[in-house]
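*Asks:* My request is simple: use the sequences and hints to build the entire structure.
Order-wise, the sequence lines are chains A and B. Read left to right, the first sequence gives residues 1 to 520 (the numbering used here). Read left to right, the second sequence gives residues 1001 to 1166 (the numbering used here).
Don't read these hints as lab results, they were simulated from the structure. Warning: the hint list may mix true and false statements.
Claimed, not checked - Once the Cα atoms are required to be at most 25 angstroms apart in a straight line, the calculated SDA-like pairs of lysine to any residue come out as:
| id | chain 1 | residue 1 | chain 2 | residue 2 |
| --- | --- | --- | --- | --- |
| 1 | A | Lys60 | B | Thr1025 |
| 2 | B | Lys1104 | B | Phe1163 |
| 3 | B | Lys1117 | B | Pro1080 |
| 4 | A | Lys489 | A | Asn510 |
| 5 | A | Lys201 | A | Val332 |
| 6 | A | Lys201 | A | Ser326 |
| 7 | A | Lys294 | A | Ser414 |
| 8 | B | Lys1095 | A | Val332 |
| 9 | B | Lys1117 | A | Asp238 |
| 10 | B | Lys1051 | A | Ser160 |
| 11 | A | Lys60 | B | Gln1150 |
| 12 | B | Lys1117 | A | Asp336 |
| 13 | B | Lys1048 | A | Asn304 |
| 14 | B | Lys1104 | A | Glu151 |
| 15 | B | Lys1051 | B | Thr1133 |
| 16 | A | Lys201 | A | Arg386 |
| 17 | B | Lys1048 | A | Glu161 |
| 18 | A | Lys201 | A | Asn304 |
| 19 | B | Lys1117 | A | Glu161 |
| 20 | A | Lys494 | A | Arg386 |
| 21 | B | Lys1104 | A | Pro162 |
| 22 | A | Lys294 | A | Ser326 |
| 23 | A | Lys494 | B | Glu1060 |
| 24 | B | Lys1095 | A | Glu457 |
| 25 | B | Lys1048 | A | Asp336 |
| 26 | A | Lys201 | A | Val292 |
All values derive from a computational prediction rather than experimental measurement.
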Amino acid sequence: MLKLQKLGLRLFQAVEGLIGYAFRGFSNPFYSLGALAFYFFYIIVGTGIYLFIFYDPSIKGSYDTVQYLTRDQWYLGGIMRSFHRYASDALVLTMVLHILREFVLGRYRGARWFAWVTGYPALMLIFPSGLIGYWLVWDTLGQFIAVRSTEWLDWLPIFSEPSARNFLTNASVSDLFFRLILIGHIALSVFVFVALLMHVKNISRAMTSPPRNLAIGTLLFLLILSLLEPAASQARADLSIVPGIINIDWFYMFLYPLMDLWSLGGAWALVIVTSLLLLLLPWLPPQRDQPVAKVLLEKCSGCNLCVVDCPYEAIVLQPRSDGHPSYVREAVVVEDNCVGCGICTGACPFSRPPRGGETLTTGIDIPSRDIQHLHSASVQALAALRAEIKVLVYGCDHGAVLDNLGVHGAAAVSLPCTAALPASFIGYMLRHGADGIFLTGCRMGDCYNRLGNIWVEQRLALDFKHRPHLPRWVPPQRIGHYWAGPGDKARLVKAIERFQQELRDFSDNNGPKAENGDSQ
Amino acid sequence: MQILRYLGQALWYLLFIAFIGYFSTSPAYTFMEPGQAMIKLAFNHSGKLKKPCREFTKEELAAKPQQMRIKFDCPRERSPVYVVLEIDGKRVFEKTISPSGLSKDMPSPLYERIPLKAGKYQLHLGMRDHVDTKGYDYEFNGPITLAPSQILVIGFDPDRKEFTFQ
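*Replies:* In structure tokens, the structure reads:
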């Protein structure tokens, strides 16, 4: 499975890198797949409401009203119908890509199982909802889906008499049937929305709408598609005639050819096996317990900063349990939600470098990779450097590989997430011999821990609005950053070398380090 | 540079809508070749009771509690229904359908699609609804003509005790 994931990751990285030239950061459609799925769902609901106003749920009326919207009211109703159809297709496409991408990135295990598993009902409900949408048109495609779907359902030994018998002749279908499936279509859409909300329940600042430029661009080109290739009905349904050659929507109906190619049972087997695999994947193979954040109460002031920065709703504030005379609240870790990214450690104001020789502790930390470990690793890395310009590189386990960096005068320390680095450490390492600090991590918009590189950039920002922030005395010229994905090592190396050159120029223009007053 | 980025974005969007637009309706799927037709055998028929009612013997009645002493023992289980379809003397369908229901006392449901080329055929249909029947309880022999793409639904009318063709 790991090989498959690595191969998939390489493929995604290549495509995303290519698209990244045109779309920056979060605007990259591949970094906003979940948000795009929400967006397409909004379009489906909005256009669906318009279509509902005109739709007549009856044998004759269903086809006639959809035809009226498509032909007579093409300028609005027709476009709405096309948006409804194409947004539904795009929803399936983005959801499938979203699932594949999270799989290759390995973002479905540990505490992430909840988002993964709750995504499954959303996916599974979208298909019947979409297929019923096609029934509602009651053209030959709707007829084909109705008959084939019920035949497929009848394969399961759950009905006392075959449900496909409801579609034997034109007389066997009633107006009531259309009212029922219209209610079913709407009800399933509501369930999809509930499932989507559950899916993002444990995610703070969930992106449920894409960046504005991506939203506008997508809408504009959906409009172009709707004008160039308006969604159209096929011939009116006639149950006395078998539809021979049908233009099916492959996003929703890929199973139907398989029913004929394999068998009805084969199609069920595919659905069941895929479902089981998707649902069990977070535990395949069973994983050792992931390290989760621990709160050290004597250093927790209940300041809320870790709660704000946590991307997984894994920290909450509760009334103080130790009777502290000054502090009213304390941070409590919701272990089931914690992925051990360490962003909370980077946010904690107590994550300060040591003064004197005491053991370094902070208010909230990841036990296996605590702040003392970070301090030791940083000091050792810096001590090993023998160069005129020394650069300490901080990166993460999920971005460009930092082992054997191969840059003279640069040493790297890897963290679970770059945002786990407390901003005060930057000043500390500069005071203790580093000429520059270089930060790297996953590509912007594609942080493995969702918000890591956003927090890093905000902590480095010179407006000092985000707390905690960089010490004010640190010259910004001595800090560099470049966001690099797993396949971007060569580019990262070049960026570090460029930064080293900038540091040399900065030193030449500003005199030796000691004269800056920022070296001890 | 900005223009190049916009061009790149436009190219991406075009690829996206081309993909969506194409697979939304294409390639066409051939569910049934032109010139084909279909027979659908579909009905719900209750087989006769498997065993007839039987009068309890005096001893049997005496062994029962007072309030349960009914005169007849009528088993609910129905016979399976056996259906045969022959076209131009060739057997294309044959099935024994068990009655539905936990006590096997409900109708035997049948739904079967039989695709065949459009044209004229000699049809023979046979059905027996009791285990003891030799031959068929109900039978049809006759010609049928199927137009291309036509669906011929063969049912069974239990009141007239004959096959129906729609």
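*Asks:* Next step is simple, just say for each hint if it's right about the structure.
*Replies:* Against the structure, the hints come out as follows:
1. A:Lys60 x B:Thr1025: Between Lys60 of chain A and Thr1025 of chain B the Cα gap is close to 24 angstroms, so the pair holds against 25 angstroms.
2. B:Lys1104 x B:Phe1163: holds (24 angstroms)
3. B:Lys1117 x B:Pro1080: Not satisfied, since the Cα-Cα distance of roughly 31 angstroms exceeds 25 angstroms.
4. A:Lys489 x A:Asn510: violated (31 angstroms)
5. A:Lys201 x A:Val332: holds (18 angstroms)
6. A:Lys201 x A:Ser326: Since the Cα atoms of Lys201 of chain A and Ser326 of chain A sit roughly 33 angstroms apart, the hinted pair is violated (cutoff 25 angstroms).
7. A:Lys294 x A:Ser414: holds (20 angstroms)
8. B:Lys1095 x A:Val332: With Cα atoms ~66 angstroms apart, Lys1095 of chain B and Val332 of chain A exceed 25 angstroms; violated.
9. B:Lys1117 x A:Asp238: holds (19 angstroms)
10. B:Lys1051 x A:Ser160: holds (23 angstroms)
11. A:Lys60 x B:Gln1150: Cα-Cα ~21 angstroms, so holds.
12. B:Lys1117 x A:Asp336: Roughly 62 angstroms between the alpha carbons, so the hint for Lys1117 of chain B and Asp336 of chain A is violated.
13. B:Lys1048 x A:Asn304: Not OK: Lys1048 of chain B and Asn304 of chain A at ~77 angstroms, beyond 25 angstroms, violated.
14. B:Lys1104 x A:Glu151: holds (23 angstroms)
15. B:Lys1051 x B:Thr1133: Holds, at roughly 13 angstroms.
16. A:Lys201 x A:Arg386: Outside the cut-off at roughly 49 angstroms; violated.
17. B:Lys1048 x A:Glu161: Holds - the C-alpha atoms of Glu161 of chain A and Lys1048 of chain B are around 18 angstroms apart, at most 25 angstroms.
18. A:Lys201 x A:Asn304: With Cα atoms ~20 angstroms apart, Lys201 of chain A and Asn304 of chain A stay inside 25 angstroms; holds.
19. B:Lys1117 x A:Glu161: At roughly 28 angstroms apart (the allowed maximum being 25 angstroms), Glu161 of chain A and Lys1117 of chain B break the hint.
20. A:Lys494 x A:Arg386: Holds - the C-alpha atoms of Arg386 of chain A and Lys494 of chain A are around 20 angstroms apart, at most 25 angstroms.
21. B:Lys1104 x A:Pro162: holds (16 angstroms)
22. A:Lys294 x A:Ser326: With Cα atoms ~21 angstroms apart, Lys294 of chain A and Ser326 of chain A stay inside 25 angstroms; holds.
23. A:Lys494 x B:Glu1060: violated (99 angstroms)
24. B:Lys1095 x A:Glu457: Since the Cα atoms of Lys1095 of chain B and Glu457 of chain A sit roughly 72 angstroms apart, the hinted pair is violated (cutoff 25 angstroms).
25. B:Lys1048 x A:Asp336: violated (61 angstroms)
26. A:Lys201 x A:Val292: holds (19 angstroms)
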